[in-house]
Amino acid sequence: MSEVPSELKFLSSHEWVMVEGDIATIGVSDHAQELLGDLVYVELPEVGDTVAAGDSVGVIESVKAASDTYAPISGEIIEVNAELEDGPERINVDPYGDGWMYKMSIEDAEELENLLDAAAYSDSIIDDD
Amino acid sequence: MGNRTPLYQCHLDAGAKLVDFAGWDMPINYGSQITEHEAVRADAGMFDVSHMTVVDVSGSQAKAYLQHLLANDVARLKVEGKALYSCMLNEQGGVIDDLIVYYLRENFYRVVINSATREKDLAWLALQAEAFSDLNTRFRDDVAMIAVQGPRAMEKSIPLFAEHQQQVLAQLARFQGAEFDDCFVARTGYTGEDGFEILMLSDQIADLWDRLLAAGIVPCGLGARDTLRLEAGMNLYGSDMDETTSPLVSGLSWTVAMSDDRAFVGRAALEAEKADGVKQSFVGLLLMDKGVLRNHLRVVTAEGDGEITSGSYSPSLQKSIAMARIPAGVSGVVEVEVRNKMLQAKIVKLPFVREGKSMLSNEGENV
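Going line by line, the protein sequences match chains A and B.
Once you know that position 104 of the first sequence is 104 in this note's numbering, the rest is easy, because the numbers rise by one and skip nothing.
Once you know that position 348 of the second sequence is 348 in this note's numbering, the rest is easy, because the numbers rise by one and skip nothing.
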């Protein structure tokens, strides 16, 4: 059973969101990296991009498959994890830590209400295992 | 629940992640397919290939039957135990399946075909057998198979065999098999590395698996098997060729024996294709940009479009590679459409990797 930290919010498409003040950090869940297997390539958004909730903002690719990643909320990309370019396996090793993907500003805090909490996300992935 | 090989419990014990493969519950990996890939390139790994279909062909007309059935010529097999790779074609020259045939002894051959194509292959074998008498084709559902592959596969596995078998195995030539009372061992594989494929009765195979495991041979899943064979430039049936593509446009011309006048199924179609000029070539692609090449992506060339038949990430080269069918005569750099972006890829000679070494240095590549 994969790890689902209780303090994080999630999308059903397996992104996690950590909120600190008016900044959100986004990555992909432990469950997603398990499904994908060894990651070999990550395409991130660019700093300064303005994105809307639900936009496709990047791609993570494992040996066997490619998967789009979506912006959980609207805002501006303010930092990306450049370490992933040469070390995409960080997502496999530490999806909730070193494997974070990008940080963005929170334009509308109400959008956070649309995200899944840890319990709801856990329920959503039960059938995948 | 899918079909299970006799090694199903061994896979669970080894922590396998199982997936459905052509109706079989098979390991895709045991944690990391890249680690497994590297084990085969640098040391020794093993694969459960018990889902493969084994058919014994015997009788005084066995040779004539196989010469009719296969695009390659079993008359090339003169030494007992010797193996031959071949395609089995339809009348249109399309590939029904690819296979390995072993010449075990006079009037006795063993054919190993794919699992995903089992039903249609067995039906085709039976249909083509109707014109022959004194011919017996026996589907061996009582056997299982493990492939042990890697530079240290032989040295690690030979000591596990009986003493009289060890001597034979240590001297086995490449693409050569040896039949014993309790098993059949061939120096063949699907990884581009040295090693054995070991076939034995299903009820004995789990014991062999456990002994190979104890000898330090790493269990490897279908994920690693795919990247290893892709690096080795070996075709995968259903991806790189199928019933609509001939061996001539699938990089398999070398497996078609047409120098004499032997009549085989599909020959007339291949001769017509040759006379008309073969329109496509089958090439290796090395991605120069970042990203990963995937099956079915469009390849754009000066002579028209082509398609990637197998694409993935090469753990050995740490770049993306692919095999592709493109218009004949194209060389140099082509473009591949990946998610609405055009990425540059270089046409390279196959294989990409052989026996642990990159073959791209021959291309002047800095890899």
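Be careful, since some hints might not be right.
Pair by pair, the computed Cβ-Cβ distance ranges are [as the list claims (entries may be wrong)]: (1) Ser67(A) / Leu213(B): 28 to 34 Å; (2) Trp254(B) / Glu79(A): 49 to 55 Å; (3) Glu83(A) / Ser331(B): 33 to 39 Å; (4) Ala118(A) / Ser239(B): 48 to 54 Å; (5) Arg105(B) / Asp94(A): 54 to 60 Å; (6) Ala302(B) / Asp108(A): 45 to 51 Å; (7) Ser122(A) / Gly332(B): 37 to 43 Å.
Only part of the chain B face toward chain A is listed, based on derived beta-carbon distances under 7 Å [stated by the list, open to error]: (8) Gln33; (9) Val292; (10) His296; (11) Val300; (12) Tyr313.
For the record, the hints were derived by calculation from the structure and aren't laboratory data.
Quantities reported herein were computed from a predicted structural model and do not represent experimental measurements.
Every residue gets a Cβ at the ideal spot worked out from N, C-alpha and C, and that includes glycine.
Against the structure, the hints come out as follows:
no.	hint	in the structure
1	Ser67(A) / Leu213(B): 28 to 34 Å	holds, 33 Å
2	Trp254(B) / Glu79(A): 49 to 55 Å	holds, 53 Å
3	Glu83(A) / Ser331(B): 33 to 39 Å	holds, 38 Å
4	Ala118(A) / Ser239(B): 48 to 54 Å	violated, 39 Å
5	Arg105(B) / Asp94(A): 54 to 60 Å	holds, 57 Å
6	Ala302(B) / Asp108(A): 45 to 51 Å	holds, 50 Å
7	Ser122(A) / Gly332(B): 37 to 43 Å	violated, 52 Å
8	Gln33	holds, 6 Å
9	Val292	holds, 5 Å
10	His296	violated, 12 Å
11	Val300	violated, 20 Å
12	Tyr313	holds, 4 Å
The structure is inconsistent with the numbered hints 4, 7, 10, 11, although it conforms to all the rest.
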